[in-house]
Amino acid sequence: MRSFEYTSARSVDEALAGIGPDAKFLAGGTNLVDLMKGDVEKPARLVDISALPLTDIAATPAGGVRIGAMVRNSDCASHPLIRERYPLLSQALLAGASPQLRNMASTGGNLMQRTRCYYFYDTAFDRCNKRVPGSGCAALEGYNRIHAILGASNQCVATHPSDMAVALAALDAMVEVLGRSGARRIPATQFHRLPGDTPHLDTNIEPDELIVAVELPPNGFAQRSHYLKVRDRASYAFALVSVAAALEMDGNTVRTARIAMGGVAHKPWRAMEAESALVGRRLDAAAIERAADASVSGARPLHDNAFKVALAKRSVARALEVAGGAA
Amino acid sequence: MSRDSHDPPSEARRRFVLGTGALGASLGAIDALGAPKDAGNNALAPEATHRVRFRLNGETRELALDPRVTLLDALRERLRMTGTKKGCDRGQCGACTVLVDGRRVNSCLTLAVTLEGKEVTTIEGLSRGGAAHPAQVAFLERDAFQCGYCTPGQIMSCVALVDEYRHGMPSYVSRDVRPGAAIALTDDEIRERMSGNICRCGAYVNIVAAVRDVAGGGKA
Numbered sequence: 000m001r002s003f004e005y006t007s008a009r010s011v012d013e014a015l016a017g018i019g020p021d022a023k024f025l026a027g028g029t030n031l032v033d034l035m036k037g038d039v040e041k042p043a044r045l046v047d048i049s050a051l052p053l054t055d056i057a058a059t060p061a062g063g064v065r066i067g068a069m070v071r072n073s074d075c076a077s078h079p080l081i082r083e084r085y086p087l088l089s090q091a092l093l094a095g096a097s098p099q100l101r102n103m104a105s106t107g108g109n110l111m112q113r114t115r116c117y118y119f120y121d122t123a124f125d126r127c128n129k130r131v132p133g134s135g136c137a138a139l140e141g142y143n144r145i146h147a148i149l150g151a152s153n154q155c156v157a158t159h160p161s162d163m164a165v166a167l168a169a170l171d172a173m174v175e176v177l178g179r180s181g182a183r184r185i186p187a188t189q190f191h192r193l194p195g196d197t198p199h200l201d202t203n204i205e206p207d208e209l210i211v212a213v214e215l216p217p218n219g220f221a222q223r224s225h226y227l228k229v230r231d232r233a234s235y236a237f238a239l240v241s242v243a244a245a246l247e248m249d250g251n252t253v254r255t256a257r258i259a260m261g262g263v264a265h266k267p268w269r270a271m272e273a274e275s276a277l278v279g280r281r282l283d284a285a286a287i288e289r290a291a292d293a294s295v296s297g298a299r300p301l302h303d304n305a306f307k308v309a310l311a312k313r314s315v316a317r318a319l320e321v322a323g324g325a326a
Numbered sequence: 000m001s002r003d004s005h006d007p008p009s010e011a012r013r014r015f016v017l018g019t020g021a022l023g024a025s026l027g028a029i030d031a032l033g034a035p036k037d038a039g040n041n042a043l044a045p046e047a048t049h050r051v052r053f054r055l056n057g058e059t060r061e062l063a064l065d066p067r068v069t070l071l072d073a074l075r076e077r078l079r080m081t082g083t084k085k086g087c088d089r090g091q092c093g094a095c096t097v098l099v100d101g102r103r104v105n106s107c108l109t110l111a112v113t114l115e116g117k118e119v120t121t122i123e124g125l126s127r128g129g130a131a132h133p134a135q136v137a138f139l140e141r142d143a144f145q146c147g148y149c150t151p152g153q154i155m156s157c158v159a160l161v162d163e164y165r166h167g168m169p170s171y172v173s174r175d176v177r178p179g180a181a182i183a184l185t186d187d188e189i190r191e192r193m194s195g196n197i198c199r200c201g202a203y204v205n206i207v208a209a210v211r212d213v214a215g216g217g218k219a
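Going down the list, the protein sequences come from chains A and B. Residue numbers for the first sequence follow numbering that gives the first Met the number 0, so the first one is 0 and each next one is one higher. Residue numbers for the second sequence follow numbering that gives the first Met the number 0, so the first one is 0 and each next one is one higher.
Hints listed in this document are in silico derivations from the structure and should not be mistaken for laboratory results. Positions of the beta carbon are idealized from the N, C-alpha and C atoms, including for glycine. Treat each hint with caution, since some may be false.
To be verified - These stretches of chain A come out as covered by chain B in the derived footprint (C-beta under 8 angstroms, 3 or more residues):
#1 27-39
#2 81-90
#3 113-125
#4 138-146
#5 223-236
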């Protein structure tokens, strides 16, 4: 690991004052320290934000919940308000990583984690537009079994690894960020970017901005939601495909639907066409099949990941069946 | 308060091991501060620029550290507490699992400078009055290991698992995560909750049995 300066921020103002070029915020460190060990991240300075008072989970006057950016993933998953109002988020968090890592990883840090594309993660590979802009994409013609089937570019086919962010996209969460020039709110669905020709940029947050909270709006999905994660082993692995599905029903008819997928794109992928296909319909096999087909609309598989198209469809169908109570 | 004064009975053996050829060579790249010497980049010689004070198994410890030093390396190379094992050193195997403020974490991804004021518990800190912790007893009785390298991490995870379960924490395999839904600690639940600890010998069947004993025994 390269040497770096270390400071611990005692307030949000101190954290913002300490950030700058070649500096990074350190929260749980589960991804950043790992990447620093691998020489992928090379910050000259770390600003430790783990002691900041951003650890509350509180009900909002609107009926939603606000989660502080330093709330650890395990605390968020097991918090009564989250389990009661957003069991989908609890499930997604519990699907990620291991108990040890969830005890360390923070809400803000989870959003900021980098792709696990092997060509990004291993500096032995010369070409990675995300790690070294302009160097090319080794995954395009390399082994791309775990890569994107939706929204990729000829510059980058990496996927975003988070489970939590998939649930946040489905739940229409807002990410609150704070910079020296003030605060702003970014919809979770727009927080992460598609690669386009700037794959080195994962998110729409500025380097000198700090995530301070995630806010969930009130919704009626608590009774009918499901997070399904499909991976190469039963636990402790990143998703090949994951699905966050949530439904509001009038009797047997779908009033509102939310479907987001992980493991298929550079960002959590909201399948709005699939959601629309369900609204106003009975949740029967035909409607579920139409939604599953629509969820992979526009998919462009690579050499090694065509299986993900069928897997995504079946996963969407299964998640909808479980959410709807049919399975 | 003691500083670097821990003097375990195995010190003589440890000096011997460190001085022998093969191991000595493989450890040669690690200096006394536990930071790898890397001549290929801008790594400076490690400098003990930061002081950190935390409690380790009930005793206050103070160290002067390069901020690159992980808790794992601080434990093993500075504090001579070698019960905590270095497996992958990248947060993938769980061999380095310790408790920080009672919660299990991967010490290989925890920078030691971040631990100011924290309480760290390692495998050496589990026994009370010379008696093995119930989790240690269960692992022995169930023969829940083969080579034993992952065992300290497995046992630390087992201790934390029982605590988490008793506090009502759900897991990914819990049928219903909503509050009030009863969660039975089935073998599937144990496997999911122990999944952050890899055992290359594959002693999982007996590890699950040991955890079941501890969780069901009401004495952890």
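Quick rundown of the hints versus the structure:
Residue count for the stretch 27-39 of chain A with a Cβ under 8 angstroms from a Cβ of chain B: 7. That meets the three needed, and the coverage hint holds. Judged by the Cβ-Cβ criterion of 8 angstroms, the stretch 81-90 of chain A is covered by chain B as claimed, because 5 of its residues qualify and three suffice. Remark: the stretch 113-125 of chain A is not confirmed as covered by chain B, as 0 of its residues place a Cβ nearer than 8 angstroms to a Cβ of that chain, below the required three. Residues of the stretch 138-146 of chain A with a Cβ under 8 angstroms from some Cβ of chain B number 0, which does not satisfy the need for three, so the listed coverage is violated.
For the stretch 223-236 of chain A, the stated coverage by chain B holds: 4 residues have a C-beta nearer than 8 angstroms to a C-beta of that chain, and at least 3 were required.
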